[in-house]
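Input sequences plus hints: build the corresponding full structure.
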Amino acid sequence: MLIQDIRYALRSFRRAPGFTLVALVTLALGIGGTTAIYSIVDGVLLRPLPYSDPGRILRINRIGATGGLDSFSAADYRDLKKDATSFAALAGFRSDIVDMTGRSEPVRIIGMQTTAAFFDAFDAAPLLGRTYHEATDKPGAAVAVISETTWRQQFGSNPAVIGTQVRLNGAPTEIIGVVPEYLRHPQKSDVWMLSPFDVPTSPFGVDGNDSRDIHYFGVVGRIAHDRQVVEAQQQLKSIGDQIARDQKGNAGSTFRGEPLASSMVADVRTAMLVLLGAVGFVLLIACANVAGLLIARGAARRRELAVRTALGAGRARLIQQLLTESLVLALVGGALGMLVATWTQQLLISLAPENLPRLADVALDWRIAAFALIATIGVGALFGLTPALQSSKPELNTDLKDGGRGGTSRTGLRNVMVVAQVALALVLLIGAGLMLTSFARLRAVDPGFRVTEVVTVELMLPLARFDDTAQRNFYMAVHERLKANPITAQSAMLFPFPFGGGNAQAGLQVIGQPEKPPEQRTSADLYSVSPGYLQTVGVKLLKGRDFNENDGPKSPPVILISESAIKDFGGKDPIGEKVDMGDEFTVIGIVSDARRRSLDTPPRAAVYLPYTQFVLPYMGAVVRTDRGAGAVASAVKTAVAQIDPDLPIGDVKTMEQIIEESTGEPRFRSFLIASFAVLALMLAAVGVYGLISFTVTQRVPEIGVRLALGASPRQVFAQVIGQGLRLAVIGVVLGLVAAAAATTLVRGLLFNTSATDPLVYGSLAALLLAMAALACYVPARRAMRVDPMTALRSE
Amino acid sequence: MIRLQNIEKSYRHGLSQTFVLRRVNAEIKQGDFVSIMGPSGAGKSTLLHILGMHDSAWTGEYWLHDDPIHQLSAKDRMRLQKQHIGFVFQSYHLLDNLTVYENIDLPLSYRDVKKAEREGMVADILDRFNIVGKKDLFPNQLSGGQQQLVAIARAVVAKPSLILADEPTGNLHSDQGKEIMELFRRLNEAGTTIVQVTHSKENASYGKRVINLKDGWIVDAN
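As you go down the protein sequences, you meet chains B and V in turn. Numbering follows our numbering, with no gaps: position 353 of the first sequence is 353. Counting the second sequence from 1 gives a position; our numbering is that position plus 1000.
Because the hints were derived from the structure by calculation, they are not lab data. Computed from a prediction, not measured in an experiment: that's the story for all the values here. Warning: the hint list may mix true and false statements.
[Said to hold, decoys possible] Computed beta-carbon distance windows for the label pairs:
id	chain 1	residue 1	chain 2	residue 2	range
1	V	A1190	B	I374	51 to 57 Å
2	V	A1190	B	M1	29 to 35 Å
3	V	K1114	B	Y777	53 to 59 Å
4	B	A370	V	N1140	41 to 47 Å
5	V	N1171	B	R14	46 to 52 Å
6	V	E1182	B	G378	54 to 60 Å
7	B	D365	V	N1171	46 to 52 Å
8	B	R14	V	D1127	39 to 45 Å
Beta carbons: idealized from backbone N, C-alpha and C, even for Gly.
Below, the structure written as structure tokens:
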């Protein structure tokens, strides 16, 4: 019986190609889009990490007095390690740029320096060789584990790599293992190196210290088998609270453990769920659309269903048949949807910002296929059930006589579907409108520095070969050479690049102003810059003087401060004042504010130090030129090679690229939601068009009578347009109310944009109404042209 | 076979009530061939649909064999309808998407007859009605007469004891009409009870008696 129903369903769809095409395209877009987005959400948010018992791996953060996440200091870590009995393994790690030499070409890769228990925490089996462990490998053993990619790219997948000696940042190290590609948490890495100490080495060159003030590494732990996650989290908090009580510098801080998977995606969780919700709306609109088509088809099939009933088909039998048709339609639509999902997923991955966490975990596999199948069956039942229930109750007497014509009572449910589509589409449109407005405002933000014709080149130095003096000499020598080259004449040295990961801060205490405890001091962003930096990037000198060649390592310590730091000077002119930041610094100038973390983070107080007095091995060159990044890269490479031929240069990026990357995530989500909204708008327009077109077909005889009785074609036109617009207006009103409620969910994703921006709401409501009017136009024109004679004869 | 007592059907419009059938009393015996006649709006088709159990909004008593239809649930009515009744419509009402074979097979599939048995029954009917060569055609590939022939084949395939026909020759020209009426006569002679609604005295002459309706009342029954 079922096979027969399926056969009849397929045949009836073949015989109604217009209906079938519209329904299948609608379903394929709805199911395909939802499946593609679900696959991204699944990979990023839902899929368990590929380790044994991943829920027991916690990322442990230090929460500062202001509530922000902070790195660990060596002393805090040691206290934690001593008291955290709920953990089977606890490890510190720090990401670093690593120069791998000792083989042919020197290569620069991303490395992670960890303490011995790192692989105990992840419990990941190596692909080759072994990993290091707390029980077997003591700090100081010069061993490293490489990633599968590094093994493939740098060692040609040679199994003899185990035991090979390489130099990592100049230090001779033995490669003891290769780990599979999936081990890329908490951050992507190409090589894992065992720290020579019980904590990772410090980027500031102060190693093995017991400082609580230098926070520089992250901690990850595996909870012991006999302990609960909550128990471990409580223990972390109580240890953190105890240290805060005991140590003045830690006042107000604590420790917090978060499951690794959720800690990695915390920043994008809301955006992902909003995207899933948005695409769910598209699927609902698609369902309403197909349901509307089926109701229309059911109305046109009233005679057939009445005949079937007269021949003995019970209601359940009719519902079974109609639902089978819906499910067949949904399954074919779902199969096409999987194709759409495959393409869409590839498109999304290519468009997704590189910093989207766990993007590599996104896959189309059985989980996604199961989701698509469930969505398909759900969709089939959702759009099929209402029309089936309605159509399976034929009024035999009239339906057999009418043959399915006349009577408009059954358009009621279709009206509901159209209103629902319009309302849902408006919610999506408004969501997209808000996101795009927010994105446009974000991109219009003046970062406070020049964006065009500026190229940056990372020039990090391996600490093992470069002490403070060597670092200073290296950067000064590079700067000299760059200035001598016409391509890079307008250049400077800088730490950190804006919107990058580099970060250094200090608490400001203006000497002569009331003494503040450390946690209440203004935390200023620190920059290390060479003379010429201000001109190169267009930061304005508002007062005083810029650094010059006389501000050397042995001259009195001087600083420039930004406008936002002036308030700490109690109304006095800051020029000539002294500031305590560990040492005493004299303010020699005031510069304009510039954004450092991102376009949406307002500028904070900033302090600029001369690179000769505050040198870090993470500096880079910033060049103002119209010759492009390639010319700059080769000029910098030449300059570096003249000083140290073994030293590769790092990433070369234009400032525009940096800005582009920093806004990748909001751009990605704005683009996606806007795409969904356009799709929703089109589907809603098809829905309105379908209903009005169907109604006009049903009303041809009535329109014929009206025209015969003297109605003008214009009146008929207005009546048809009016019918469509009435429904659209109801949908718009409901959509506005729903949008006001739903957009509270995206409030956190908006920049300088109110979630109830009346301009966005009003303009998009008008757009939707215009689209609805357009969708009514064609059937209304058809109604105008009804020939009364033909219409009445067919009656 | 059929006994109707005081069958009434009406529609309510606000406070007023319009009667379509009034106090209809009739008896139809096994093997009868009855023609229901009368002017337009007399209630002929309504009565036929009540007999066919397509309509349940009426009052009075309707006995089919010994079953009190007026007291039965919708489910039981459906069971009796499937068991006893075949329906023929003026405009054939073949399903456009189904072939001749599938149209004829449809009532059997609704009666849960096994596939192998259905194949035999449909083949037998195709043979009896001499339409084997048309079994794979769709309705729009047939003439009006051929379509009505298929519709009758569909009505009788489940071996009903009662055929209800609503103006079965209304859309046919006279030669085709005669052919169909001859077919009804042969079915009646083979023992099937037939009730037809018709405007045509010539068609009524194929039957054994006539029930005349006017304004919902039986005005003359012989």
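Evaluated hints:
1. In this structure the hint that A1190/V and I374/B lie 51 to 57 Å apart at CB holds, the actual value being about 55 Å.
2. Range check, A1190/V to M1/B: about 31 Å between beta-carbon atoms, so the 29 to 35 Å window is met.
3. Checked against the given bound of 53 to 59 Å, the beta carbons of K1114/V and Y777/B, roughly 55 Å apart, stay inside it.
4. Against the hinted window of 41 to 47 Å, the Cβ-Cβ separation of A370/B and N1140/V comes to about 43 Å, which satisfies the hint.
5. Remark: the range hint 46 to 52 Å for N1171/V to R14/B is contradicted by a beta-carbon distance near 28 Å.
6. In this structure, E1182/V and G378/B meet the distance hint of 54 to 60 Å, their C-beta atoms being roughly 55 Å apart.
7. With their beta carbons about 59 Å apart, D365/B and N1171/V fall outside the hinted range of 46 to 52 Å.
8. Judged by the Cβ atoms, the range 39 to 45 Å given for R14/B and D1127/V is violated: they are separated by roughly 30 Å.
The structure shown violates the earlier hints numbered 5, 7, 8.
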